[in-house]
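Enquirer: With the hints as a guide, bring the two chains together.
Heads up: the protein sequence lines correspond to chains A and B, in order. Sequential numbering of the first sequence, starting at 12, is according to the numbering used here. Sequential numbering of the second sequence, starting at 7, is according to the numbering used here.
The set of hints was computed from the structure by calculation and includes no laboratory data. Worth double-checking, as some hints may not be accurate.
If you only want the chain A side, here are some residues facing chain B, beta carbon under 10 Å, derived [claimed, not checked]:
| no. | residue |
| --- | --- |
| 1 | Leu33 |
| 2 | Leu46 |
| 3 | Leu128 |
| 4 | Ala150 |
Computed from a prediction, not measured in an experiment: that's the story for all the values here. Even glycine gets a Cβ: it sits at the ideal position worked out from N, Cα and C.
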Amino acid sequence: MPALRLAAAVLSGLLFGGGLALSGMLDPARVRGFLDVTGAWDPTLAFVLAGAVTASGLGTALARRLHRPVLAERFDWPTRTRIDPPLILGAVLFGIGWGLSGFCPGPAVAALSGGALPVVVFVAAMLAGMAAHGVLRRALPVR
Amino acid sequence: MTTLPSAFAGGLLIGLSAALFLLLDGRIAGISGLVAGLARPAGPAWRIGAAFLAGLVLGPPVFALLAGGWPAMRIEASLPVLALAGLLVGFGTRLGSGCTSGHGVCGLARLSPRSAVAVVAFLASGMLTVAAGRVLP
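If we strip away everything but chain B, and leave its shape as in the complex, we get (with noise of 0.2 Å):
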């Protein structure tokens, strides 16, 4: 169902919404960021993060609506490796300060030399992952 014409126009709908809620609202549209910030004391800042998830969290059904039907989605790894890895990338986008939204798409987007190597890393260490899964039992 998703060809890389559609790909490279959903690519463009996300940078859309990272140069809206930028250009509107003053805010980077990092995902991991946003989530994070959910921990803070409430106030208007709290607000306009909580409004982007609640948003980024209807945008899927939404599709649904409009394309007729639920994207696919093929989850591989069992509960366990999901519990290890959702724990590697809460932690890791905390200390690196950025996932693929925060890092790829608006830091690459601001040529900020920081995300570019954030980028190469995350990149590198999940290619290299996905090949030691392959080579390992």
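Just chain A, same shape as in the assembly (with noise of 0.2 Å):
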């Protein structure tokens, strides 16, 4: 039933960005303002974050009593559990970029249907900086 996955992926991205526009966080400068601590703090995002997991972590704790998804064969989870220091690293790098722009890879995505001009130099520029990781982890010191 590929048809039926194809569908089932269209729907929960839908959402997905339904959810990041009802929610606000399609707007960089509310996002920012989650993390300026030091300033005027806006909470909105803690708000986002507690309904996602909370949906999301009922949804785990049902996938894990299923042997398998509904649509397809297996789950696709992730394996690596070590907290090494590429997550961390990786993590600290992201979150400049996070706080200088507002943006982070789900709202920029989602915002690329307004067709504004600084969210495609934004994610022109992401696709490169994961390009440039593709090319470089060979050559890195930590993977």
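Expert: Here it is in structure tokens:
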């Protein structure tokens, strides 16, 4: 049932993009407001994350009771568990870019539909950063 | 326009999206991973990821139709700063194996210690970055 699987993926993506729009997370100034703990702190993002983790947590608990997903052969669970330097360095670099712009990957990709040049510039640079990692990963001292 | 209840409701939708993607397709709704996956050879997994991302891009216009208007978007950073930020976000999310969705929405829901550490690290560095921007010229 590949068509059903694709439809399920499109529906999931739609809910994600709609949720970002409803929650105010497409607005980089609001996201930066949450990160601005020494200024006029905006708690919105904490409420978004609380709602998201609640629903995602219920789904995860249910998934753990299933032998396989409804439409696919197996669950694609993350396998890595080590807390290593690449994890922390990567998260720190991501946080710097997030703080500078107010964009993380989800809202940036969702906001592409607005067609604004700054969003296109951010996403193009993000793709370049991902490609750079793909090229450099073998040369990096840490993986 | 955005209130805290609508923020929580929007968060529930995002979490529902991640739950459905996991329960139906067996996949983790981590946006940076799905975007990076577009560079891999086409196959069933590629099509599923691309379908999710297509839905993600269509989400805000569908919301705008239902809500009667596009949500607020205030971009404060200049184009050069956005380019630098994009490079850091792209490189950092690959090196760190995830972003706000993969480590935050999905990883925290799985009670993954690895994701919890990543979330603390990117929140702390994001907050320090914004704070530094207030102090520096």
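Enquirer: Against this structure, judge whether each hint is valid.
Expert: So, going through the hints one by one against the coordinates:
Nearest Cβ of chain B to the Cβ of leucine 33/A: about 4 Å, under the 10 Å cut. The hint holds. Annotation: interface hint on leucine 46/A holds; nearest CB of chain B at approximately 4 Å, less than 10 Å. Because the beta carbon of leucine 128/A sits about 8 Å from the nearest beta carbon in chain B, less than 10 Å, this interface hint is met. Checking alanine 150/A against chain B by beta carbon gives a least distance of about 13 Å; that is not within 10 Å, so the hint is violated.
Of the hints listed earlier, the one the structure fails to meet is number 4.
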